[in-house]
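Go by the hints and put chain B onto chain A.
Protein chains: 2
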Amino acid sequence: MNRGNFNIERFCRQVEEFHGHVAPGVVVGGFMVNLARSYMPAGVLFDAISETASCLPDAVQLLTPCTIGNGWLRVFDFGRYAVTLYDKEGGRGFRVFLVPERIHEQSEIGAWFFKLKPKNEQNAELLMAQIKSAGETLCAVQPVHIRQEFLQKRSKGKIAVCPVCHEAYPVKDGWVCKACHGESPYDFSIYSEREIPAFEDSDPRYAVRRVRV
Amino acid sequence: MNRGNFNIERFCRQVEEFHGHVAPGVVVGGFMVNLARSYMPAGVLFDAISETASCLPDAVQLLTPCTIGNGWLRVFDFGRYAVTLYDKEGGRGFRVFLVPERIHEQSEIGAWFFKLKPKNEQNAELLMAQIKSAGETLCAVQPVHIRQEFLQKRSKGKIAVCPVCHEAYPVKDGWVCKACHGESPYDFSIYSEREIPAFEDSDPRYAVRRVRV
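As you go down the protein sequences, you meet chains A and B in turn.
Count the first sequence with numbering that gives the first Met the number 0 and you get residues 0 to 212, in order.
Count the second sequence with numbering that gives the first Met the number 0 and you get residues 0 to 212, in order.
For reference, chain A alone in the conformation it holds in the complex:
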């Protein structure tokens, strides 16, 4: 089930190149994004929300101008397979989500999506055939309105140098940057003894040995 001029085979080639392989989730996502886009009035500048970090954001990035890096796509990792496109200014938009009972109607899609059998027992070929055949009929559409606080342009505000890591960070985050506040994914214990060359600059702010990231 296609809408408009969505070419699923061409999309699958894009998915393979960008995402690394033709993942079922991205293909389902392609139909969803295309469906959501078909509801947006022409000429409206829109932003996107993906309610999962898995697969779906890549369908958005391939089929719309919205990317993570340009800030027009945001991921709210609710673990729900749903995508919303909405008017940047007013916040009115359309949310496309997967309907559980429609998923269940398709044996192999149901087995994959609800993990009803182990991956090695799933039939990848049948799964993809069912996805391409079902397309947007797996979905439903809701008109939504984005809350005001999510519409405001996010500015980093004033930039300063963090007194701990000596890197630039947004002052609004506090006296030290968020990473130095304890959110770092790096293992300090391994490198805390390691000497990282001091900067040559004579500015005392920078003439330190960097031991933390």
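A couple of the hints might just be wrong.
Put simply, identical chains are the same to the list, so a pair is met inside one copy or across any two.
Straight-line alpha carbon distances no greater than 35 Å define the calculated DSBU-like cross-link-like pairs of lysine-lysine that follow [as the list claims (entries may be wrong)]:
| no. | residue 1 | residue 2 |
| --- | --- | --- |
| 1 | K116 | K131 |
| 2 | K118 | K155 |
| 3 | K131 | K152 |
| 4 | K87 | K131 |
| 5 | K114 | K131 |
| 6 | K116 | K152 |
| 7 | K118 | K131 |
| 8 | K171 | K152 |
Please keep in mind that the hints were generated in silico from the structure rather than gathered at the bench.
Positioned in the frame of chain A, the structure of chain B alone reads:
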């Protein structure tokens, strides 16, 4: 300053197509990602961390196999302009970050990065010329080790249907999905009176009017 066979002009064309315009941040990010990649041993499968959501993730997505949707790129939004590539298995990798005093040495890069003058007084052409000329000399590299808990494969685990929104969600999130737990970006007040057609399915789990997202 280029490393290896990084073609900055070709990269800028990719940036324009994917990101929407040749943003200075993505161009700087291109040099950073290329530098980090040059430190990774050949054949090592790597994941990526971007320490900001602005611009840099798109450089990662354009220059490596890591995307948001395939899970090989993760954004920790610390507001630090730094990128790490690391061995998926062992967690050893290289972190490339911008060095504040090297940024300041380049008048227009400094003015842009530290917001020293209003955007309309910045010289976009000079900025881009300085970025292309300085390239990776703006950066420094650190060996890092990713903490064990960030290396574990993230599985959604068992999938069930949320009793509030009637959509699929990971059971590990609790009795209801995260969005129904109050994290939704949607404005309930506007649509709470709006009738969304009930599903046709006679299964009482689904035969409800959907009023919440």
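Structure-based check of all given hints:
With identical chains, the CA atoms of K116 and K131 are at most 35 Å apart within one copy only, with a shortest distance of 21 Å there and 52 Å across copies. For the identical chains of this complex, K118 and K155 are inter-copy neighbours only, at 14 Å across copies versus 43 Å inside a copy, given an alpha-carbon limit of 35 Å. For a Cα distance limit of 35 Å, the shortest separation of K131 from K152 across copies, 29 Å, qualifies, whereas the shortest one inside one copy, 37 Å, does not. Taking identical chains as interchangeable, the C-alpha atoms of K87 and K131 lie at most 35 Å apart whether they share a chain (31 Å) or sit on different chains (32 Å).
Taking identical chains as interchangeable, the C-alpha atoms of K114 and K131 lie at most 35 Å apart only when both belong to the same chain, with a minimum of 19 Å there against 48 Å between chains. For the homomeric pair K116 and K152, the shortest alpha-carbon distance between copies (20 Å) is at most 35 Å, but the shortest distance inside one copy (44 Å) is not. In this assembly of identical chains, K118 and K131 lie within 35 Å of each other by CA distance solely inside one copy; the values are 19 Å within and 47 Å between copies. For the identical chains of this complex, K171 and K152 are neighbours both inside a copy (15 Å) and across copies (33 Å), given an alpha-carbon limit of 35 Å.
This entry satisfies every hint, going by the numbered hints stated previously.
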